[in-house]
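Colleague: Fit chain B to the supplied structure of chain A, relying on the hints for placement.
Chains as they are written, first to last, in my numbering: chain A, 14 to 466; chain B, 14 to 466.
Everything labelled a hint here was simulated from the structure, so no lab data went into it.
Keep in mind the model is a prediction, meaning the values are calculated, not measured.
Incorrect hints may appear among the rest.
Derived EDC-like pairs: lysine to aspartate or glutamate, alpha-carbon spacing no greater than 16 Å straight-line [unchecked claim]:
#1 A:88 x B:16
#2 A:443 x A:381
#3 B:24 x A:15
#4 B:24 x A:16
#5 B:18 x A:25
#6 B:18 x A:85
Sample of chain B residues facing chain A (criterion: CB under 7 Å; computed from the structure) [to be verified]:
#7 16
#8 20
#9 120
Quick list of simulated restraints, FRET-style, between CB atoms [as the list claims (entries may be wrong)]:
#10 B:442 x A:78: 41 to 49 Å
#11 A:104 x B:25: 24 to 32 Å
#12 B:345 x A:200: 31 to 39 Å
#13 B:139 x A:377: 32 to 40 Å
#14 A:214 x B:442: 28 to 36 Å
#15 A:366 x B:181: 40 to 48 Å
#16 A:104 x B:181: 25 to 33 Å
#17 B:365 x A:104: 43 to 51 Å
#18 B:179 x A:452: 41 to 49 Å
#19 B:265 x A:269: 29 to 37 Å
#20 B:24 x A:416: 30 to 38 Å
#21 B:434 x A:269: 40 to 48 Å
#22 B:15 x A:440: 40 to 48 Å
Backbone N, C-alpha and C define an ideal beta-carbon position, used for all residues, glycine too.
Number of protein chains: 2
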Amino acid sequence: MEENKILLSEKEMPDKWYNIQADLPVPLKPALNPATGKPIGPEDLSVIFPMELIKQEVSLERWIEIPDELMDVYKVWRPAPLRRARRLEKALGTPARIYYKDESVSPAGSHKPNTAVAQVYYNKKAGIKKISTETGAGQWGSALSFACNLFGIECEVYMVRVSYDQKPYRKFLMHLWNGKVYPSPSDRTESGRAILKEDPNTPGSLGIAISEAVEVAAKSKDTNYALGSVLNHVLLHQSIIGLEAKAQLKKAGEKHPDVIIGCCGGGSNFAGLSFPFVKDKLDGKPIKIIGTEPSACPTLTRAPYRYDFGDTAGMTPLIMMHTLGHKFVPPGIHAGGLRYHGMAPLVSLLVNQGLVEPRAYRQNSVFEAAVLFARTEGTVPAPETAHAIRAAVDEALRCKAENREECIIFNFSGHGHFDLAAYDVYLSGKLKDLELPQSAIDKALKDVPCIEC
Amino acid sequence: MEENKILLSEKEMPDKWYNIQADLPVPLKPALNPATGKPIGPEDLSVIFPMELIKQEVSLERWIEIPDELMDVYKVWRPAPLRRARRLEKALGTPARIYYKDESVSPAGSHKPNTAVAQVYYNKKAGIKKISTETGAGQWGSALSFACNLFGIECEVYMVRVSYDQKPYRKFLMHLWNGKVYPSPSDRTESGRAILKEDPNTPGSLGIAISEAVEVAAKSKDTNYALGSVLNHVLLHQSIIGLEAKAQLKKAGEKHPDVIIGCCGGGSNFAGLSFPFVKDKLDGKPIKIIGTEPSACPTLTRAPYRYDFGDTAGMTPLIMMHTLGHKFVPPGIHAGGLRYHGMAPLVSLLVNQGLVEPRAYRQNSVFEAAVLFARTEGTVPAPETAHAIRAAVDEALRCKAENREECIIFNFSGHGHFDLAAYDVYLSGKLKDLELPQSAIDKALKDVPCIEC
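For reference, chain A alone in the conformation it holds in the complex (with noise of 0.2 Å):
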C-alpha cells in the first residue's frame, strides 16, 4: 500500500517562491491614493513596510529566493506534510484520491508563519526594531509573535476586544511568545482614544484595530506594520505550499491535479496552494481550481469586482478586488478569519478572469464535513479550513457519481483546538445558518468610491 504521508526531506524543500504576477493573463491594476486617484508609490508604502518587501509586492520577476536564514527558520516546521484522506475517501465510497496539504503542523498552528517569518526576517535586514499589526480571533497576532520571537524583534498587537475577553487562549499563546497584547480600542492611540470617547463600551472592530496598528507603525521610524493577507507579498511568501505540495504529488506518482480547494478570507492559503498550478492551467492542464467562502460573507461569489479601501476607516490605498464594501459588517460566524470584506487582489483578479471557480457555503454543512473529517481522519479542522473540506468532499461525492478517479487537493490551513467550542455548539444542533440580505450588501456598496463603476 502507498504511504498516507508524502514527506519531503528538509533539502528538497523549494528555495524560492513563486510569484504569479509574472504569469498573469492581464495585468494587475495598480493600487491608488485615494487623495489624488493616482497609483501610489514605494515612498508612500515606505513608511510602514521596509523597501525589500515593497519590492516583492510589484514585482515581475516569476522566481524569487528564499533567503539562506530564512530557509533555516521554515525548517523549524517545513516541509509540511501532505496526506492522502483514505479513511475520509472509503467513508465517502468515492473512487477519487484526496490529498491535503497539512499546514496545521506549524508552530502557531496555521499557515500564518509562513508569510511572519519572511516579513520579520526583511524588516530585521532593514533594521527594525518593532512591528505593530492588528488580529481578530487572534491566529495572525500569534504567527506575527512566534516570528518576531524568533528574530529577536518585539512585536505589538492590537486584539479586537471581544476576543481579547472571550477568547483568550490566542492571546496567551501570544505572550508566551513575547508578544505585547493589547485590546483595541486602546488608550495607547489617537484612533483609539477617540473611539473610546466615543463609547468606552465598544466590543472593537478589525477596523479598528488596524487603524491602531497603522498609527503606531506610522508615527515611529523604527516601527514598521505587518497584514497577514490580501497584499501580494504576503501571497507570494505562502506559495511554499503549492510548491511543496508539486513536489509531493509528483512523489506520489499524480500527473497533476485534477481538483485544487483553498478556503478564502483575505486570500492568502487558498493563493498558497493554487497559484503554482496556475501556469499549468494556463498551459492547458483540466485543472478546476476552487475558493470556498462563507455564505454570511460572499465577498467572491456575490460581492462586485471594484476599487475599495482595505480598511473598514477608509485609511489605506484603494485596491481593486471583490469588495462587500469596506464598511460591510458580516454576521458572527464561528470562521472568524473568513470574515473580511475584501478580498486579494490577485484572488479577485483570477476570479474575474474564470481561472478561479468561487463557491459558498452554510455554516451547518461546513460544520457537518468537519466532523466527518474529525472522524474519519482524526486531526480537528478550524473552521476556517472546514470551508475547504466541504468542497473537497462535493467534489468527491461529484466524483463518485460519476464514476471519475480524479485527484482532489486542498489546503488544511490550520487545526481547530482553539475552536472547540463552536464543534459543541453544531453537535448540540444550535448552529445557526445565517442569512445575508442583498439588501446588507447594497447598503455597504453605497460607501465604496466610484472609480471606474
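Modeller: Coordinates of chain B only, in the frame set by chain A:
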C-alpha cells in the same frame, strides 16, 4: 547541515512491540487479590479486559507482533518525527545534541492513542461493544474516544466533575469523536450514587471515576474497561515510541543516546521511550535513564516500594510499586497527568534496581524550561512534558559545564494547547511552588495494607 527532523517512512515503522518483561534483571512480583493475598489469575481480569490484553500483561516474549489492521491505524499519524532541538541547544550554549521524540502529532495531541487504538482493537476482536473509562483533565478520555470512534465501538467516559465543569475543551473533543462523557460522580452507577448521597456538591476525584467506570464494565458482558497507563500491556504498546526513536537516532548517525528522559505520571510515556534502550544499558552501554516527576507528587523520589491498590477506593488488585498511598491527594498542580499516587510496576522495579534515576522538580522551574522551549523550538509543551524538558535542559547545562558532547533524548509526550491558561499564570508571576510535607506522605501510607512490609 543535518536535518532538524529525522523522519521514518511508514514502511520503516516497527511492526513489533518490545516487551521488557523478557529482559528484566529480576522478575516482576505478581499482582495480588486483596481478599486472599494470593496472586490473581487471568479469570480475575477477564471480567473487564479481553484475553489478548491479559496475555500481553503477563507475557515473557521479547517481541509481540502488531496486527496489520492496527499498523494501518498507527499510520494515521505514525511514525512520529524525531526532532533535533538546535535552537534550544544554541540558546543554552551547550555542546550536547538534544533530540525529542514528538508524540504531540497524534490527533489527540499526546502519546495516549498508541495504547488506546491497541486496546480498542483487541476489545473489538473479542466482540466487545462498549468501553468505559475514567479521565481527569481529559487526555486519556479523548484518546480513547478517538480510538473507539475509529473502530466503531461505543466509548463511555467518567470525567472528574471539577474538570468537566472547568476544562470543557477536552470534553468537546470527546464529543466530536463520539465519546459519551459524564461528570463523575454520576447517578449512573451505584458507587456514584453513594457518593452523591453523601455530598451532592463533591468535585469528584479520579478514584471515584475509576470506581464508576469499572462498575459499568463489570456489570455488563459486552462492556470492558480500559486504563491509560500503569499496566504492563499499556507500557508494551508505548514501546513503539522508543523503537522508532532507536531507528531515527541511527539515521542521525548517533551510536546510542547518553541520556534518556521522560516524565512519569503512571509511567507509560517514559517507559515507551526508554524501555527499548534498557537492554542496551544492561548489555553495558553507558546510558543514563531519568524519570521526572513533580515535587508535589514525588512517587519515585520520596515514596516507598511496596504493595498498594491502584485506585483510591481500593477496588483493584494489590500491585507492587512505588506508592504515596492510594488515599494520597497531591496538591493541585497544573500537570494533572502527573498527579497519580502510584507508578507502573515495571517502572517502579527499574527504579528499585537502580536502572532508572528519578528526579523531582517544582512547578516554577518546570514552566521556566517550558517557556524557554516554546521560545526557541516554537511548539508549546504540555505541563507534564515540561518536566522532561526541565531535566533535558539541566543535563545540557551539565554537558556545557563539563564540556561533553553528549546525545540527550527526551519524550515530547504532548502539546500544551489546552494548558495555555497555566502558562499565563506562570508568566504573570503568580504560579506557586507547592511544598509537600513529609507528614502528608506518612499519613497516606498508614492506609496502605501491610504485605511484606
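Colleague: Verify the CB-CB distance for residue 214 of chain A and residue 442 of chain B against the hinted window 28 to 36 Å.
Modeller: 30 Å, holds
Colleague: So the hint says 30 to 38 Å: do the beta-carbon atoms of residue 24 of chain B and residue 416 of chain A match that?
Modeller: 31 Å, holds
Colleague: Should the hint that residue 265 of chain B and residue 269 of chain A are 29 to 37 Å apart at their CB atoms be regarded as holding?
Modeller: 35 Å, holds
Colleague: Have a go at the residue 120 of chain B hint: is there a Cβ in chain A nearer than 7 Å to its own Cβ?
Modeller: This hint holds: residue 120 of chain B lies near chain A, its Cβ roughly 3 Å from the closest one there, short of 7 Å.
Colleague: Measure nothing beyond the straight line between the CA atoms of residue 24 of chain B and residue 15 of chain A; if it is 16 Å or shorter, mark the hint as holding.
Modeller: 9 Å, holds
Colleague: In this structure, is the beta-carbon distance linking residue 345 of chain B and residue 200 of chain A contained in 31 to 39 Å?
Modeller: 37 Å, holds
Colleague: At the C-beta level, are residue 434 of chain B and residue 269 of chain A separated by a distance inside 40 to 48 Å?
Modeller: 46 Å Cβ-Cβ, so the 40 to 48 Å window holds.
Colleague: For the pair supplied as a hint, residue 88 of chain A and residue 16 of chain B, is the alpha-carbon distance within the 16 Å limit?
Modeller: Distance ~8 Å between residue 88 of chain A and residue 16 of chain B Cα, so the pair holds.
Colleague: Between the beta carbons of residue 179 of chain B and residue 452 of chain A, is the distance compatible with 41 to 49 Å?
Modeller: The hint (41 to 49 Å, Cβ to Cβ) holds, given that residue 179 of chain B and residue 452 of chain A are roughly 44 Å apart.
Colleague: Verify the proposed pairing of residue 18 of chain B with residue 85 of chain A, using a straight-line Cα cut of 16 Å.
Modeller: 12 Å, holds
Colleague: Just tell me: holds or violated, for the beta carbon distance of residue 366 of chain A and residue 181 of chain B against 40 to 48 Å?
Modeller: 46 Å, holds
Colleague: Holds or violated: 40 to 48 Å for the Cβ distance of residue 15 of chain B and residue 440 of chain A?
Modeller: This hint holds: roughly 45 Å between Cβ atoms.
Comparing the model with each earlier hint shows no violations; every hint is respected.
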